[in-house]
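Colleague: Residue-level listing of the chains:
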Amino acid sequence: MWQLADQSLESRLLIGSALYPSPSIMQDAIRASGAGVVTLSLRRQNPGAGGGNDFWALLRELDLHLLPNTAGCHSVKEAITTAQMARELFDTRWIKLEVIGDEYNLQPDPFGLLEATRELISQGFEVLPYCTDDLVLCEKLVDAGCRILMPWGAPIGTGKGLINPYALNTLRQRLPDITLIVDAGIGAPSHAAQALEMGYDGVLLNTAVAQASDPVAMASAFKHAVSAGRLAYEAGVMPARDMAQPSTPVLGTPFWKP
Amino acid sequence: MITVWLNSEQKQLEDPTCLAEALARWQPPGEGFAIAINEVFVPRANYAATQLRDGDQIELLVPMQGG
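Heads up: the sequence lines are chains A and B, in that order. As numbered in the working numbering, residues 1 to 258 make up the first sequence, in order. As numbered in the working numbering, residues 1001 to 1067 make up the second sequence, in order.
Rather than coming from a laboratory, the hints here were simulated on the basis of the structure. Every residue gets a Cβ at the ideal spot worked out from N, C-alpha and C, and that includes glycine.
If the Cβ cut is set under 8 Å, some of the chain A residues that face chain B in the computed set are: (1) Gly50; (2) Gly51; (3) Gly52; (4) Asn69; (5) Ala71; (6) Met85; (7) Leu89; (8) Asn206.
Here chain B is said to cover these stretches of chain A; the calculated rule only asks that three of the stretch's residues, wherever they fall, bring their Cβ under 8 Å from a Cβ of chain B: (9) 15 to 29; (10) 53 to 64.
In isolation and in its complexed conformation, chain B is listed as follows (with noise of 0.2 Å):
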C-alpha cells in the first residue's frame, strides 16, 4: 500500500496504482478539473502513465469564481 494526498486530504492506494485509476476510484467531478503532482501540472493524456509514488501530494482544481 502507499499513501497519497489528495487536496491535504490522506488517501491509501494499492502500489502500483497509476492516477488514472485512482481518479475512478474518487470520482472527481466530470472532466472539469486538472490535475498538478508535487506542484508539477499533469497533462491528461499522461493520467494511465502516470504512476503514483508514496507520499505523492495531488492537487485536483476546479473552475471556481475569480476576479
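Next comes chain A alone, as it looks inside the complex (with noise of 0.2 Å):
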C-alpha cells in the first residue's frame, strides 16, 4: 500500500478513461490494470461522444477513486471554474490541474499553472498539477502547497516515453518527500517500469491502454511494469558504470597461464 494524499492505494498505477474503443472494453481493461485511480473530465453533453450519465454510471461500477481534470483549458479563470465545477459534480476535492500553453505540444502552461494552484489550494483543493519537469516550477508549485506533482514524460499521447531522464532524476533527488507521478508521454509498459525504477511514486496514463491493439491486455502488462518497477527500485538497482567486470569468478579460470 502507499498514500497518495489522502487515500490509501495498492496500486501504482492511474489511469484515464478516454480513447477506448468502446465503454465495456473501457470497464475491462481498467479492471484489469488494477489502478485505484481513473481520470475523468467535464465536457458539454454531446450525444455522438459517449459521455453524460452512461459513461457515469459504468465508471461508478468500478468504485475507483476520481481525478477529474480541466483538459482543454488555457486561462486561469477556466481552469478554476472547470475545477469548481468538477468538486461539485464527482464529490471531490482532488483535482488534476491542467493549464495548457501551447497548442502544439499541449504543453503546460507554467506560469498559469502556478497562479491557477496557488488559488485552488486556497480554496481547499488537493491539486495535482500536470507539469513540465522543470526544477524551478515544480520547487514553486511545492511552495504553493503541492503535496503531489505529475511532470510530463513526454507530451500528452505521444507515446515517447521518458524523454528527459536527467530532468525527472533531478526532481525525485531533489524533492524527497514529495508524491511524484510521471504523467504524459508513456507509451510502453518498460516506460512506466523505467519511471518506477527511477523511485517515481506513480505513473498516469491513458492512451498506451485505450490504443492499443488489446487494451485489456495491455493495461495487464502495465500492471506488471508498475509492479516490477517499483519492486526493482525498492530491491536496488546496481550503478552503471562505464568498464566491464566479470561476473563469473576469476580465480580458478581454466587453462591459465601465469
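Two chains, two frames, some hints: make the complex.
Modeller: Laid out in C-alpha cells, this is it:
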C-alpha cells in the first residue's frame, strides 16, 4: 500500500478513461490495470461523444477514486471554474490541474499553472498539477502547497516515454518528500517500469492502453510493469559502470597460464 | 423576454426567470451536471436564487471520458 494524498492505494498505476474502442472495453481494461484511480473530465453533453450519464454509470460501477481533470483549459479562470464544477459534480476535492500553454504539444503553461494552483489550494482543493519537468517550477508548486506533482514524461499522447530522464531524476533527488507521478507520454510498459525504477511514486497514462490493439491485455502488461519497476526500486538497482567487470569468478579460470 | 445561451445555443426565456426554472424547462439529464454562468461556477444550492439576465452564457457540463 502507498499513500496518495489522503488515500491508501495498492496500485501505483493511475489510468485514464478516454479513447477506448467501446465502453465495455474501457471497463475491462481499467479493471485489468488494477488501478485505484481513474481520470475523467467534464464536457458539454454530446450524444456522439459517449459521455454523460451512461459513461458516469459505467465508471461508478468500477468504484475507484476519481481524479477529474481540467483538460482543454487555456486560462487560469477556465481552469479554476472547471475545477469548481468538477468538485461538485464528482464530489471530490482532487483535481488534475491542466493549464495548457501551447496547442502544438499541449505543453503546460507554467505561469498560469502556478497561479491557478495557488488559488485552488486556497479554496481547499488537493491540486495534482500536470507540469513540465522544470525544477524551479516544481519547487514553486511545492511552495504553493502541492503535495503531489505530475511532471510529463513526454507530450500527451506521443508515447515517446521519458524523453528527459535527467530532469526527472533531478526532481526525484531534489524533492524526496513529494509524491511524484509521471503523467503523459508513456507509450510502453517499459517506460512505466523505468519511471518506477527511478523512484517515482506512480504513473498516469491513458492512450498507451486505450489505443493498444488489445487494451485489456495492455492494461495487464502495465500493471505488471509498474509492480516490477517499484520492486526493482525497492530492491536497489545496481549503479551503471563504464568498465566491464566479469560476473564469473576469475579465480580458477581454466587454461590459465601465469 | 430575455435571450441566454445554453452551451452556445440560443434560448428565449421570460423575464424574470431563475436558473432553477430554466433548468426545469430544459430538463438536463438527472443530477449529473454542473453549471457555470459567464465562466463563474454556480453551486447547485444557488440555482433557485440565481436570476438569469439577458445575454448570460450558461455552461452546462456533464461527466466525460478523460485522461
